[in-house]
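Chains as they are written, first to last, in the working numbering: chain A, 629 to 793; chain B, 629 to 793; chain C, -3 to 416; chain D, -3 to 416.
Keep in mind the hints are simulated off the structure, nothing from the lab. One or more of the hints may lead you astray.
As the list claims (entries may be wrong) - Listed below are several chain D residues computed to face chain B (Cβ distance under 10 Å; list not exhaustive):
#1 H196
#2 V359
#3 E380
#4 A384
#5 A385
#6 D408
#7 S411
#8 S415
Owing to the predicted nature of the structure, the values given are computational and were not obtained by experimental measurement. The C-beta atom is built at its ideal place from N, Cα and C for all residues, glycine as well.
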Amino acid sequence: MPGLEDLYREIILDHYRNPRNRGELPSPPATRVEGFNPLCGDEIVIYLDVEDDRVKDVRISGQGCSISQSSASMMSSAVKGRTLDEVRALSRAFKGMMSIHEQSLDADASGNGDSDIDDEADGTGPDVKLGDLEALRGVVKFPVRIKCATLAWNTLLQALDEQSS
Amino acid sequence: MPGLEDLYREIILDHYRNPRNRGELPSPPATRVEGFNPLCGDEIVIYLDVEDDRVKDVRISGQGCSISQSSASMMSSAVKGRTLDEVRALSRAFKGMMSIHEQSLDADASGNGDSDIDDEADGTGPDVKLGDLEALRGVVKFPVRIKCATLAWNTLLQALDEQSS
Amino acid sequence: MTATPAPIPTDTLDVERVKKDFPILDREVRGRRLVYLDSANTSQKPRAVLDAMQAYYERSNANVHRGTYLIAEEATAALEGARGKVARFVGARSQREIVFTKNATEALNLVAKAWGRAHLRPGDPVVITELEHHANIVPWHQLVDEIGIELRWIPVDAGGHLDLSALDRLVDGARVVSFAAMSNVLGTITPVERLVQAAHGAGAVAVVDASQYVPHLPTDVTAWGADFVAFTGHKMCGPTGIGVLWGTEAILDATPPFLTGGEMILNVTKTGFTPNELPWKFEAGTPPIAEAVGLGAAVDYLGGLGMEAVRAHEHALTAYALTTLGERFGDDITIHGPADPAERGGVLSFSYRDVHPHDLTQVFDERGVCVRAGHHCAKPLLRELGEAATARASLYLYNDEADVDALADAIDAASDFFSF
Amino acid sequence: MTATPAPIPTDTLDVERVKKDFPILDREVRGRRLVYLDSANTSQKPRAVLDAMQAYYERSNANVHRGTYLIAEEATAALEGARGKVARFVGARSQREIVFTKNATEALNLVAKAWGRAHLRPGDPVVITELEHHANIVPWHQLVDEIGIELRWIPVDAGGHLDLSALDRLVDGARVVSFAAMSNVLGTITPVERLVQAAHGAGAVAVVDASQYVPHLPTDVTAWGADFVAFTGHKMCGPTGIGVLWGTEAILDATPPFLTGGEMILNVTKTGFTPNELPWKFEAGTPPIAEAVGLGAAVDYLGGLGMEAVRAHEHALTAYALTTLGERFGDDITIHGPADPAERGGVLSFSYRDVHPHDLTQVFDERGVCVRAGHHCAKPLLRELGEAATARASLYLYNDEADVDALADAIDAASDFFSF
Ligand SMILES: Cc1ncc(COP(=O)(O)O)c(C=O)c1O
Ligand SMILES: Cc1ncc(COP(=O)(O)O)c(C=O)c1O
C-alpha cells in the first residue's frame, strides 16, 4: 500500500507553493489553450510562445490540486527554451512514466485514463532526462491522480498542435 | 392453478371458429377504427354504424388469437341493435369482469394492464346481463390474456368516441 | 452558523440496525472501517435490494410485456409492480405517470428534447437556477443552439438560497421553469411549491429535478403540482441503470415519443408507427427490468423505515456535523450553503484553509473516509461560489455521529500532513 | 428443409455443465422443469454474472470517474475494465470505441438521432431491410417526419434471405445502410461484409444491428469494417439495463453528443459546454455501472466457453430442431427462414396448422415450455411473411436436444387440446 509520501514529494509541494512561470502572455502572438480535468475540476490555461521551433516563453494560469499545479509548474520549467522536438520527446517520456501499464497493473484496472487496448510502446527514449519531473513518478501508484499529473502535458500538446496549424 | 379449460370454454372456441359479424362496412357512413394488442400482435378493425343513438350494424375484421377473436365476435352480437347507453353499460360491465382487482389479485401483479392506483369502482351495474360474455370470465386467471379479451371492447369505445365527435 | 436554527426533530431511526442492512459497510479499507460520506454521489444498497434482484434473475428472468408464459408474466408483474411501488412512494396519482429511464439525466433529456423540441420556439424563455446539476443545464444549452431558446438563471444568494427577488421578472413570458428541489452541492432545499406556482402563473411548464430530494425527504409530487419530476434510482438505495420521470398524464400525452423502437409502439408499418399508451410510449427497447425490481425493493425499504424518520435523522446529523466542524475548525473551515439544518439536506461542501479539496480527500482516503472532491457536476454554481472545486461530505440514513467524527479527525490529519 | 445443408461442425460444448451454471434452469414451473426457449427475447444469466454484480455492490459500489477515494477507484476500474473486456470480445481496436448505452435501442437511436440529425438532409436516402427489428425502423421513421429523409427497404425473399438483386440501385446515393446481422424472427445471418462494402462503395455509413449476432457467433467488428455496431447486454448472458454502441473513432468524433448532462462534459459554463473525450462524450449521467460489471462477467463467461463452441453447439442443435420438427409434424408445421442451419441462428419462428401462436404457447406454458408468440417487434417483416404473429422458439448455449423434444411434445399436446 503506497503511502502519502510517495505522492507528495517535497519538490512537488515546493512547486505547488511556489509555482514557476505563473501568469499570462498576450495572445496572439502566444497560443492560449485551456485544459480541464473532469474528475476533480482542475482547470489550466497555458500560454505558449514559440519562435523558430523553440519554446520562447510559457505561462500557466488556472486552479487545481497540488499534483496538477506542481506538474504544470515543473513542465513549464522543463520546456522553456527547448526545441519543439525536445518538448515532444519530453512529453512522451513523461507520459510513458505516467502510463499505468508500465507499472504492470492489470490493464483492466486502467480507469478513466488513456486506455488503448494496444497501447503503443510508451516511447521513453533512453536519452530523455526527466530531471525534476521524476518526482512525479509516485503518482502512478494513485491511478486517480494520473489525470491530474498529465493535464498540463496534454494541454501543452494541444497548444503545440494549435500553434503549428 | 387454473387449467386450460377455464380459458377455452366451448362457447369461446365456437365463436373463434364461427365468428359472427365478420366483414367490413363502407366507411363512411360507418366509423372504422383499428386496435392493436402490442403483446402478441392481435389486430382488429371495427366498423360501426350508429343511427339514432343505436348500433345499427357492426362488423369485425383483423387477425388474432382465439380469445381476442371470440371476444370480438361475442361483442358484436351483444351490441348489435343496442342503444349507445346500453353498449356503454355492457362495456363497463365486461371490463369490470376483466378487472384483475375484482379477483383480489395483488395490485402489484397487475401487469401491462389497466393499472390505476385508485381504480374507480368497476361499474358492474346490478341489472346488466352479460349473457354469453360470461364465458370469458376465466380469462382473468390468465392475466396476459386480459388484453386479448378487452381489445375489441377498447376499440369499440374508441369507435364510439370517434363517431360522436 | 450564526442564524438561530429551527428545533431539530427527534431522531427515531435505529442507525445501528440500518448499518447492518448494508453489506458494504462491513468492508475495511486500508485496515480501517469504511466511512462512506458520498451518498449525494451514489448511495449504498441494502441487502434487501440485492436479494430482490438476485431472486428476480434466479427465478423469473424473462422479457416483459411480450411473454406468453409464466415466468414472463412474473417478470412483467415484477416490473409493473415496481412501477406501482414507486408511484405510491412519491404520491403519484397513477402508475401511468411513472416512466422508467436509465437515470435522472435521461429523464431530464426527455423533457428538454421530447417535450421541448415539440413545444419550444426561437426566443422562448426557459428559466433554470444557478444551483442546477449539469443534467438540468446542458440539455437546455443544446436547445439554445438548436432552437434558439433563451436561457434565464435564477441566482443563488450568499447564504446558498435561491434569490427570488426578481422571480416575477424572470418567469415573465417563460415557457419552462426547471429547478432542483435540493442542491447536490449546497444541500439547499428550494421552495418547490412556490416555484411551481410562479411557473404556472406565468403559463410555464414546471420541471423539478428531485434527484437529491426523493432519497432524503417524504415526497408528494401531486402536492407539488409540477408537470414533470425527475429522480434517479442509485441515489435512493436502488441499483444503477434506472431513473424515473414522473409527469402528469396531460403533459405526457402532449409529449411525443423520445427514444423509439420496440415496446413503445402499438403498430409499425413500412411508412410509420403508432405509439403505445402511457407510460410505455416512453420506454423504448427492453427496460431495466431487474433494476426496476431493485428500485421497488429500495422504496419498500425506505418506506418501511419511514421517510419522516429518515429526514429527522439526517436533519439531526446535519446539525451535529455543522456544529462539530464549526467548533473544531472555526474559521479554518468554510461550509457552503444554508446554516440552518432545517433548510438543507446533509450535503456539506466545504473548503479547509488553502488545502485543495483533492489533496484533502487524498488524506481522508488513507483513513477510509470517502469524500468527493470536485465540481460535483455543477460548474456554474461553483463559479458563483468562487471555487473551482470543493470537498463534499454527504450524509444518508446509514451515517452516524461516529462518521462525522471520523471526518473531523481526517481533516485534522490532513492539516497535520500539510503541516499547518 | 429441401436444400442440402452444409456439414455441421462438431459440438464441443458440455451442455450438461453449462446448464448447471444457470440457476434459473433449476426452477420448476407447474411441476415440470423449466424449458426456456426464448433467448432471442432475453437470455438467462449464469451464476458468474450474478456474483460479479453482487460482489460489486457489496464491496466497491461508488460513483465512477469522480471519486477521490479507494472504492470509487475500484468502481471506475470495474467499469472501464468491463469496457475493455467488451472491446476485446467484439474485436474493437480500442475501448474508446465502446459506448455503454441502456440497451441496443438507445444505441440505434443515438446513431439515427445524434449522427443522423447532424448529417442527414431532406431527401437523403437511408437503406434498411425488411427484416429489421423496430429498434432499427422507428428511429428512421422519426427522421422521415423530422428531416424528410427517404427510407428504402432491402426486400426479403421467400427463403428468408435478403434479396440483394437490386442492391446497387438501392444503395445508390444512400447516406446510411443499416441492417441486422441476424434476424430475430427468421434467424437469417445476413452478409454483413458485403453490405458494409456496398454501403461504403456508395459513400454511405454502415450500421449493423448485431443484437442477435454477438450473443451467438464470434464477432469481429473491425473485420466487418462497419462504422457503427449496436448490441445489447441482456441477450448475451448479461444483465438488463446495458447495451453497447461500437463505433470507429472517426465516426464517433463526427457525432455530436446525444443525451447530455454530467459525466459527458469537460466544461460547462452559463453559456455553453465542452464535451468530454470518447467514449464518455456519449455517456451522460451515472452510467450502468453494476450492469457493465455484469456484462464484463458475461463476456468472460462466453469467452471462456469459446464463441466457436457456442456457435457449433447452436448450429448442431438448430439442425436437430429443424429435422425433428420436420419429421414429427410434416406439412402441419411451417418454419420460417433459411432451411440450412449454416445460414441461420437458432431462432425458429413457426406456425402450426391454424392454431394461433398465442393459443399454442398457452398450451406450451402448461408444460413449462417458454416460447414467445407475437410479432417479435418486427411487424413489417411479419406482414411480408403474411402473418400477424408467429410462435418463436429460440435456442442458446444452455439448450439441448431434450429441450427441443419437449417443444415437439408440447406441439403434440396443443394439437390434442385443440382436437385435431
Ligand atoms: C435484432 C434486434 N435489434 C434490436 C433489439 C433491441 O434490443 P433491446 O430491447 O435490448 O434494446 C432486439 C431485441 O429485442 C433485436 O432482436
Ligand atoms: C441534482 C442532481 N440532478 C441530476 C443528477 C443526475 O443523476 P444521474 O447521474 O443518475 O442521471 C444528480 C446526480 O448526479 C443530481 O445530484
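Item checked: Violations among the numbered hints -> 1, 3, 6, 7
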